[in-house]
Amino acid sequence: MAEYKLLLEHSHEPEFRTLHGYLARGGYAALNRAKGMERQAIIDEVKTSGLRGRGGAGFPTWIKWNGIEKEKTRPHYLICNADEGEPGTFKDKQLMETTPFLVIEGMTIAALATQADAGYIYIRGEFVDAAKSLRAAIDEAYAHGYLGQNILGTGLNFDLYIHMGAGSYECGEESALMSSLMGERGMPRLKFPHAPLPTVAGVWDQPTIINNVETYAAAVPILAKGGEWYVTLGANTKNSRGTKIFSVSAHVNKPGNYEIEFGTPLMELLDLAGGMKGGALKACVPGGSSVPMLNAEDCQNAILAYEELWETGSMVGSGGCMFLNEHTCIVSYTWRTAQFYAMESCGKCTPCREGTKWMLQILERILRGNGQPGDMDLLMEITKQIDGRSFCGLGDAAAWPVAGAIKKFPEEFEYFIKNGRSMVDTPEARAMAPRWAQRAFSAV
Amino acid sequence: MSELIQLGAQRPKAPAPDQLELRFSDKAIAELDALRTHYPTEKACILPGLWIAQREYDGYLSPAAIAEVAHRLHRSYAEVEGVATFYSMYTTAHQPGRHMIEVCTCLSCHMCGAYRIADYLEAKLGVKLGETTPDGVFTIHEVECLDACDRAPVLQVGDQYVGPVTEADIDALLDRLRNEDSSAVVQLADSIVQVHLRDTERAK
Amino acid sequence: MAAAVQTETVAITINDIELHVPKGELIVESVKRLGLEIPIFCYHPRMKPVGMCRMCLVEVGFKQPDGSVRKMPKPQAGCTLPASEGMVVYTDTEMVHRDRKGVLEFLLINHPLDCPICDRGGECPLQNNTLAYGPSTSRFLEVKRHLPKAYPLSEYVTLDLERCIQCGRCVRFTEEISGDSQLAFRFRGASMQPSTFQLTDFESRFSGNVIEICPVGALTSSKYRFRARPWDLETRPGLCTLTPCGTNVFYDYRSGRLVRINGRTNEDVNEEWTSDTTKFGHDALYNNPNRIQVPHVREGEAFRAVEWSEAYAAVLGACEGKRTAVLAGTMLSNEDYYAWQALARTALATNHLDLRWQKTLLPASQMLKARTGLPGVQYGIADLENALAILVFGTNLAADQPMSYLRTRKAWFRNGARVVVAHHEASEAESFAHVVLRYRPGTAAELAAGLANLLAPELADATRIATPEWTEAQTGVPADRLREAAEALRGTEFAAITTHGLFDEANGVTAYQTLALLTSHAGGKFNGLVNHANEQGGREMGFAPDLGPGGEAVTAGMNTAEILQAAAKGEIDTLILVGCDPIRDFPDTALATQALENVANLVLVDSAQTEACAYASAILPMALPAERDGTYTSSERRVQRMERILKAPGESKAPWQIAMELGLRAGSSAPYFHARDVMDAIAEQVPAYAGARYQDIPETGVRLANPEGLTRSNDAVVQALQSLLGGR
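The listed protein sequences correspond, in order, to chains A, B and C.
Residue numbers 1 to 444, in the working numbering, belong to the letters of the first sequence in order.
Residue numbers 1 to 204, in the working numbering, belong to the letters of the second sequence in order.
Residue numbers 1 to 728, in the working numbering, belong to the letters of the third sequence in order.
Mixed in with the good hints there might be a few duds.
Listed below are the simulated DSS-like cross-link pairs for lysine-lysine, each with C-alpha atoms no more than 27 Å apart in a straight line [to be verified]:
#, chain 1, residue 1, chain 2, residue 2
1, C, K223, B, K13
2, C, K410, B, K43
3, C, K410, A, K191
4, C, K74, A, K191
5, A, K132, B, K27
6, A, K418, C, K144
7, A, K384, C, K101
8, C, K144, A, K384
9, C, K32, A, K191
10, C, K101, A, K238
11, C, K23, A, K191
12, C, K63, A, K408
13, B, K124, A, K72
14, C, K23, A, K384
15, A, K277, A, K5
16, A, K408, A, K384
Okay, the calculated bits of chain C under chain B, using three or more residues with CB under 8 Å as the criterion [as the list claims (entries may be wrong)]:
#, stretch
17, 184–194
18, 200–214
Selected chain B positions facing chain C (Cβ under 10 Å, derived; list incomplete) [what the hints assert, rightly or not]:
#, residue
19, K13
20, A14
21, P15
22, I66
23, R75
24, Y77
25, F86
26, T92
27, A123
28, G126
29, L129
Honestly, the hints are just simulated from the structure, not real lab data.
Computed from a prediction, not measured in an experiment: that's the story for all the values here.
The beta carbon of each residue, even a glycine, is placed where N, CA and C say it ideally should be.
With the hints as constraints, model all of the structure from the sequences given.
Below, the structure is given as C-alpha cells:
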C-alpha cells in the first residue's frame with residue numbers, strides 16, 4: 001500500500017484554496033448532493049461510511065449528528081475543533097492551510113444535517129496561517145452564497161465564525177474548548193452521565209455538534225462519493241474505514257503529513273517518510289504524545305487502524321507519529337513528555353494538577369542524576385493514581401506515556417536511577433539533552 | 001516577622017470604573033462591536049477582546065489592559081484576569097521585547113536538537129529563556145509543542161513559524177528582526193484579531 | 001420550604017442496599033439517606049457541583065436486564081453524578097479507599113502542614129479526611145510549592161496560598177452566591193490560585209462566608225487570627241442584632257468573651273450565610289473596652305459608682321412631674337421595647353418615645369396601613385426565591401437587606417427570575433438585573449407613577465399623565481426601558497421590595513405608597529422593610545409616639561426629631577436614652593448635640609460609653625442582646641428567640657428588667673421574672689404575637705401572618721399622587 005490522497009489530493013495546489021480553484025476540482029459536489037437529500041439521509045450516509053472522529057477518541061461521527069433534536073426548538077451550534085495541540089500532530093494545520101474549503105463544505109453539510117445556525121472554528125492561537133487561509137475562504141464563500149442566508153437555495157442560514165485560542169492544549173478537549181469559546185478559562189465541563197451530552201446541552205447550553213477538522217473534511221468525499229464507497233477503504237481492518245492523515249516527525253528523513261488507508265502497516269508509513277534518520281529505529285509513538293510508545297519489535301507488526309493498534313498496545317489517537325532512533329534517551333524523552341502535561345494541565349482536578357507536576361519533579365530529579373531506588377515504583381503508582389481518576393482525559397494522557405515508557409524500557413530507567421547517567425551514552429543523545437542534564441551523558 | 005509586616009500593609013484597591021484610563025482606539029472599539037455580533041453572549045468576547053487589548057497595549061496585557069477589557073465587556077476584573085492568566089499566549093507577566101522568539105523544545109523538537117537552539121539563542125542574546133534583552137528588542141521564551149513537528153526544531157516569531165532552524169538561520173533571523181521597527185508581538189495580536197473578522201467587518 | 005412536589009423516583013443500589021431516591025439526586029446526597037458519608041472538599045450543597053477535588057470518587061455500575069451489574073471502567077465523582085434507574089454505587093471497596101488515599105496524598109504533597117499555627121486546625125476538613133482516609137506517610141521527596149502566606153486580602157480575610165487545595169469553593173461563592181465575582185482562579189495547573197484582581201482589596205459585603213466554606217486554612221479571619229483554638233471554644237446559637245434580617249448565627253466564645261461569629265443554618269432566613277456586618281460587627285460591640293460595669297450618678301464633673309437602688313431613685317426623682325421623653329436604639333429586644341413603652345406611658349406619663357432615626361418620620365396617620373389598608377410586609381425572605389419577578393425599588397438591597405439580596409440573587413441565578421432594579425445610584429443588584437431603571441435623585445415618586453401607569457389600570461385616573469414618555473422626561477429613565485420593566489413584571493405575582501430608607505428621598509413617602517398600591521393592583525406582593533435591627537419589633541411593641549402595642553392609636557407624642565428639637569429649646573426636662581446615642585445615630589448631629597446640652601437630666605441606659613455620656617446625669621449599664629434572653633422581630637416579621645450566651649459584664653441588666661424595676665418602684669408595673677413573662681404580657685396586648693409566646697417559638701422562628709380580610713383603599717395615595725403629578 002502507498003499513500004491514498006483523498007483529503008490531501010489537491011493540497012499542493014495553491015488554486016485549491018480559492019473558491020474558483022476548489023469548484024474546478026469538484027468542490028461543493030458533496031453539498032450539492034446533500035441538499036437534495038433528507039437530513040436523516042445525510043446522517044445515514046455518514047453512518048454507512050463508518051466515519052469515526054479523527055481528533056483522537058475515534059467516536060462514531062454519525063451518533064453525534066443523529067443526537068441533535070430533529071424538531072428544532074432552539075439554536076443549534078456546530079463547532080470545529082481546530083485546536084490541534086497534541087505533540088507530534090500537524091495534520092489539521094495543513095488541512096486548514098491548504099484545503100480550507102473542504103473544512104467549510106464539510107461543516108456546511110453537517111449544518112444542513114443538524115439545522116445548525118452558527119458554526120465556530122476554534123483554532124489554536126499559534127495557527128495564524130491556517131486561520132488566514134480559512135478567513136479568506138470564508139469571506140469568499142459568503143460572497144458567493146456558500147455561507148450566510150439561504151445557502152445554495154437550501155433554506156439553510158448558517159454563519160461561520162473563527163474563534164482563536166490563546167495557548168492552551170487543554171482546549172483541544174471538547175468540553176474545555178466550549179468553556180474557552182464562551183469566554184472562560186479553558187477548563188473541562190461535566191460530561192455524561194454527570195451532565196447532558198453536548199448534543200443536548202453543549203455550548204451556551206444549546207444542542208451542539210463538535211468534530212475535528214479532519215472529520216469535517218472527510219464528510220465531503222463521503223457525501224460526494226457515498227458511504228458505500230468510503231467503507232471500501234480500510235476494508236481489511238476490524239472497524240476503521242476510510243483514510244487517515246498521519247503526521248510523521250522526529251528521526252525520519254522526510255517528516256510531513258501522509259494520508260494512508262486504514263490498515264496500512266506502521267513500517268510502510270516509516271518508508272513513506274523516507275525511513276529513519278541518524279540511526280536505527282528504537283521506538284515509535286504512533287498517535288501523538290499521549291499514546292503509549294511501541295518498541296522496535298512492536299513496530300514491525302503494528303497496523304495503523306483503531307482496534308489493531310490498540311491490540312499492539314497503543315492507539316491511533318490524533319495520528320501524530322514520532323519515530324525515535326537508537327540515540328534517543330527514553331528517560332529524557334519521558335521527562336519532556338511529563339513537562340508538557342505538567343505545563344498544560346489546567347489545574348481543575350487534583351490528580352492531574354498535582355500528579356503531573358510530581359511526575360515531572362521526579363523525572364527531572366532522575367535526569368539530574370539524583371534518582372532514588374523507589375522512583376520507578378513511585379512513578380508507576382502515581383500514574384495509577386491519575387489514570388481514570390482525573391476530571392478529563394488530560395490526566396490519562398499524561399499518565400499513559402510515562403507508564404508506557406517504563407513498561408517498554410524498564411532497563412533504561414533502572415540504569416539511570418542506579419548510575420545517575422543515561423544508558424544511551426552517545427554524542428547524539430547528549431546533543432538532544434537540555435544543558436542541565438548533559439552531565440548524564442559522556443562528552444565526545 | 002514578614003507576616004506582621006504584611007498584615008499591617010496597606011492593601012491596594014482595584015480601580016473604580018471612572019479611574020480607568022481607557023486606551024482602546026476607535027478601531028479597537030469597532031472591532032469589539034463587530035465581535036459582539038458573533039456570539040450570543042458578551043462574555044464570549046473575552047478571548048478576542050484580550051487579543052485586541054494585547055495589540056492596543058503594545059503586546060503586554062498589563063493590569064490596566066485587563067481592567068479595560070473587563071470594563072468594556074461588563075465582567076469583573078478578577079474574572080478577566082483569571083482568563084488572561086490561563087492562556088500562555090497572553091503576556092501578563094511583564095512587558096515583552098519588540099520581538100518575541102518562542103522556541104519549541106517539546107518532543108519532536110527535543111529529538112531534533114531544540115535545546116541546542118535554545119542554548120545558542122541564550123548565548124547570542126546574553127539573556128536566559130523567559131527574559132528580555134536590556135535594549136528591549138528581544139524576548140526569548142520556551143514554548144510547548146507548536147504542532148509544526150515536521151519543521152523541528154521550530155521557532156515562532158510573531159505570526160510566522162521558522163524552521164527547521166540552524167544556528168546560521170538564527171544569526172540571519174536576529175539580524176533581520178533587529179532592523180525591523182514594527183513589533184512582532186503587536187503584529188501577532190493584530191493578525192489574530194483580524195482573522196476573527198469578516199472582510200466586511202475589518203477596518204478599511 | 002416549598003410544598004411537596006411530585007417527583008419521579010428511581011431505584012438505586014448503594015453498597016448492596018436498594019433504595020428509592022428522587023431522580024437526578026446527586027449520589028453524594030443519596031448516600032446520606034443510608035447514614036453513609038462520602039468525603040468531599042469541593043462539593044457544597046448550596047453551589048453547583050464541579051467535581052474538581054476527586055475526593056468523592058465511588059465505583060458505579062448499572063443493573064443489566066439479566067440482573068448482573070456492569071461496572072463503569074473508571075471511578076466516578078459522587079458529587080456530580082445524578083441518580084438514575086438501576087444505578088449501582090459502591091462507596092466502600094478497596095479501589096475507592098485507594099483512590100481516596102491517592103487524592104489525599106496529592107493534596108498533601110504541596111500542603112505546608114503548618115497545622116500547629118493554623119486557625120483551621122481542629123475543625124479542618126483536610127485534617128479530618130486525612131485522619132479517616134489518608135496515607136500515614138509521605139512519599140514526596142521534592143521541594144514543596146512556596147507561595148505568599150498570610151496575605152491580608154481584606155480587613156477581614158487573610159489568604160494563605162500555600163494551604164489552598166484549589167477546590168474553588170470561595171471562587172464559586174463569589175460567582176454564584178454573593179455575585180460580586182471578586183475572586184477568580186489565576187494561572188493554571190499546579191500554579192493555579194484563587195485571588196482577587198491583582199491581590200487588591202476583597203471588596204464584598206459577604207466576604208466572611210468564604211472563611212467558613214474554605215475546607216482548609218487558606219482563607220482565615222483577620223479578626224479571629226491566632227485568638228483561639230477551636231477546641232477551646234464554646235459555641236451557642238444566637239441571632240444577629242445588627243442587620244434587620246434576623247440572620248441566624250453561632251456565637252463562639254472563650255472564657256466568657258466573644259471570639260467569633262459563624263453562620264448558622266436557617267433555611268427560611270439566611271440559609272447558612274452571613275453578611276460581613278453580621279460576622280464582623282459584633283466584636284466591637286461585645287468586646288468594647290469601654291463597657292459600663294455598674295450604675296453611675298453624676299456628682300459635679302465626675303461620676304460616682306452607685307448601687308442600683310440609688311440609681312433608680314435618682315432616675316425616678318429626675319422624672320417625677322417632669323417633662324420626660326424616651327429614645328431607644330434599634331437593637332433592643334421585643335421585651336425591652338414593650339417594657340419601656342409601658343413604663344413611659346404609665347409611670348413616666350409620656351407619649352414622647354421613639355426608636356426611629358431617619359430624617360423622615362411618618363405619623364401613624366400617614367403610614368401605609370392607615371392610608372391604603374395594605375400590610376407593609378407580604379413576603380418572607382425565603383418566598384423571594386420562588387418569585388418569577390422581583391422589583392427592587394429605591395434601595396441598595398445588598399447593603400440594607402443583605403439576606404433578601406442573597407435570595408433575590410438566588411431567584412435569578414437558580415430560577416431565572418427577572419429582576420428589575422430601580423434606584424438613583426448604582427448598586428450590586430444591577431449586576432444581575434433584567435432591567436435597570438436609574439432615576440434621577442428625587443424622582444422616585446414619578447417613576448412609581450410611571451410604573452403604575454403601565455401596570456395598574458385601576459389607578460389610571462391618577463396616573464394618566466405619567467406616560468412612559470412623561471416619566472422619561474421627569475426621571476431620566478428611557479421610556480422603552482420602563483416598558484420593558486413593566487413587561488418583565490406583568491402577570492407574575494412579582495415581589496416588590498423597598499425599604500423605609502425611601503422616605504428620606506424627595507416625595508419618598510408618595511413613592512413608597514404608590515409602589516404599594518400599584519403592586520397590589522398588579523397582583524404583586526409588596527414588601528416595605530425597615531432598615532434597622534429590631535425596628536420592626538419595636539414598632540409592633542408600641543414603642544412609637546402615636547401607636548401603642550399592636551398598632552392601637554394613642555394620643556400622639558413627639559417623635560425623635562421633635563423630641564430633640566424640644567430638648568434643644570429646653571422644653572424637655574428629662575431625656576432617657578436606651579441603647580442609643582443621638583449624636584451618633586441622628587442624621588443632624590448639631591441638633592442632637594444641642595439637645596443633649598439642654599436637657600436638665602439625661603439618663604443613659606447603655607452597654608458602653610458613648611459621646612452622650614459627657615452630658616449624662618445617670619448611667620445604667622445595659623446587657624447586650626446575647627447577654628440575656630429575648631425575642632426579636634426581623635424585617636420580614638419573623639419572631640425569633642435568643643437565649644443568653646455570654647455573661648453580662650459587672651452588674652449590667654436587661655433593659656426590660658431595668659424598666660420593670662423602675663416601674664415597680666413607681667408602683668406601675670407588674671413584676672416580670674423572665675423575658676417569657678414579658679412575652680406573655682405582649683401576647684395578650686398584641687394579637688399578632690399570640691402565637692409567638694416565648695417558649696413556643698421554634699428554632700427557626702415564627703413568621704407573623706398578615707391580617708386577613710384586608711381592604712385596599714386608593715384614595716389617600718391617589719390624592720397625594722395627583723397633587724404631586726398635577727404640580728408638575
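Going through the hints against the structure:
1. Among the hinted pairs, C:K223 with B:K13 is consistent with the structure: their alpha-carbon atoms are about 20 Å apart, no more than 27 Å.
2. For the hint linking C:K410 to B:K43, the alpha-carbon distance of about 21 Å falls within 27 Å, and the restraint holds.
3. For the hint linking C:K410 to A:K191, the alpha-carbon distance of about 25 Å falls within 27 Å, and the restraint holds.
4. Of the pairs offered as hints, the one joining C:K74 and A:K191 holds, with about 13 Å between alpha carbons and a cut-off of 27 Å not exceeded.
5. For the proposed pair A:K132 and B:K27, the alpha carbon gap of about 20 Å is at most 27 Å, so the pair holds.
6. Note on A:K418 and C:K144: the hinted pairing holds, with a Cα-Cα distance of about 25 Å set against a maximum of 27 Å.
7. For a cut-off of 27 Å, the pair hint linking A:K384 to C:K101 stands: about 12 Å separates their Cα positions.
8. Distance check on the hinted pair: C:K144 and A:K384 sit about 22 Å apart at the alpha-carbon level, within 27 Å; holds.
9. Of the pairs offered as hints, the one joining C:K32 and A:K191 holds, with about 24 Å between alpha carbons and a cut-off of 27 Å not exceeded.
10. Between C:K101 and A:K238 the alpha-carbon distance is near 40 Å, which puts this suggested pair outside the 27 Å criterion.
11. Between the alpha carbons of C:K23 and A:K191 the distance comes to roughly 18 Å, so the proposed pair stays at or under 27 Å and holds.
12. Distance check on the hinted pair: C:K63 and A:K408 sit about 38 Å apart at the alpha-carbon level, beyond 27 Å; violated.
13. A C-alpha spacing of about 61 Å is found between B:K124 and A:K72, which places the hinted pair above 27 Å, so the restraint is violated.
14. For a cut-off of 27 Å, the pair hint linking C:K23 to A:K384 is broken: about 33 Å separates their Cα positions.
15. Simply put, A:K277 and A:K5 have alpha-carbon atoms about 25 Å apart, close enough for the 27 Å limit, and the pair holds.
16. A threshold of 27 Å between alpha carbons decides the hint, and for A:K408 with A:K384 the separation of about 17 Å falls inside it, so the pair holds.
17. Coverage of the stretch 184–194 of chain C by chain B holds in this model, with 5 residues showing a Cβ closer than 8 Å to a Cβ of that chain against a need of three.
18. Here's how the stretch 200–214 of chain C fares: 3 of its residues keep a CB closer than 8 Å to some CB of chain B, so the rule of at least three is met and the hint holds.
19. Against a cut-off of 10 Å between C-beta atoms, the interface hint on B:K13 holds, since the closest Cβ of chain C lies about 5 Å away.
20. Residue-level restraint check for B:A14 holds (minimum Cβ-Cβ distance to chain C is 4 Å; threshold 10 Å).
21. The restraint placing B:P15 at the interface with chain C holds, with a minimum CB-CB distance near 9 Å, inside the 10 Å limit.
22. For B:I66, the shortest C-beta to C-beta distance to chain C is roughly 8 Å, which falls under 10 Å, so the interface hint holds.
23. Because the smallest distance between the Cβ of B:R75 and any Cβ of chain C comes to about 7 Å, under 10 Å, the interface hint for this residue holds.
24. Proximity of B:Y77 to chain C holds as hinted, the smallest CB-CB distance being about 4 Å (cut-off 10 Å).
25. With 10 Å as the threshold, the beta carbon of B:F86 comes within range of chain C, its nearest partner Cβ sitting at about 5 Å, so the hint holds.
26. The interface hint given for B:T92 holds, since its Cβ lies 9 Å from the closest Cβ of chain C, which is under the 10 Å cut-off.
27. At a threshold of 10 Å, the smallest CB-CB gap from B:A123 to chain C is about 29 Å, leaving the interface hint violated.
28. Against a cut-off of 10 Å between C-beta atoms, the interface hint on B:G126 is violated, since the closest Cβ of chain C lies about 28 Å away.
29. Evaluation of the B:L129 hint against chain C yields a violated restraint, the C-beta minimum of about 17 Å exceeding 10 Å.
Hints 10, 12, 13, 14, 27, 28 and 29 from the list above are not met by this structure, while the remaining hints are.
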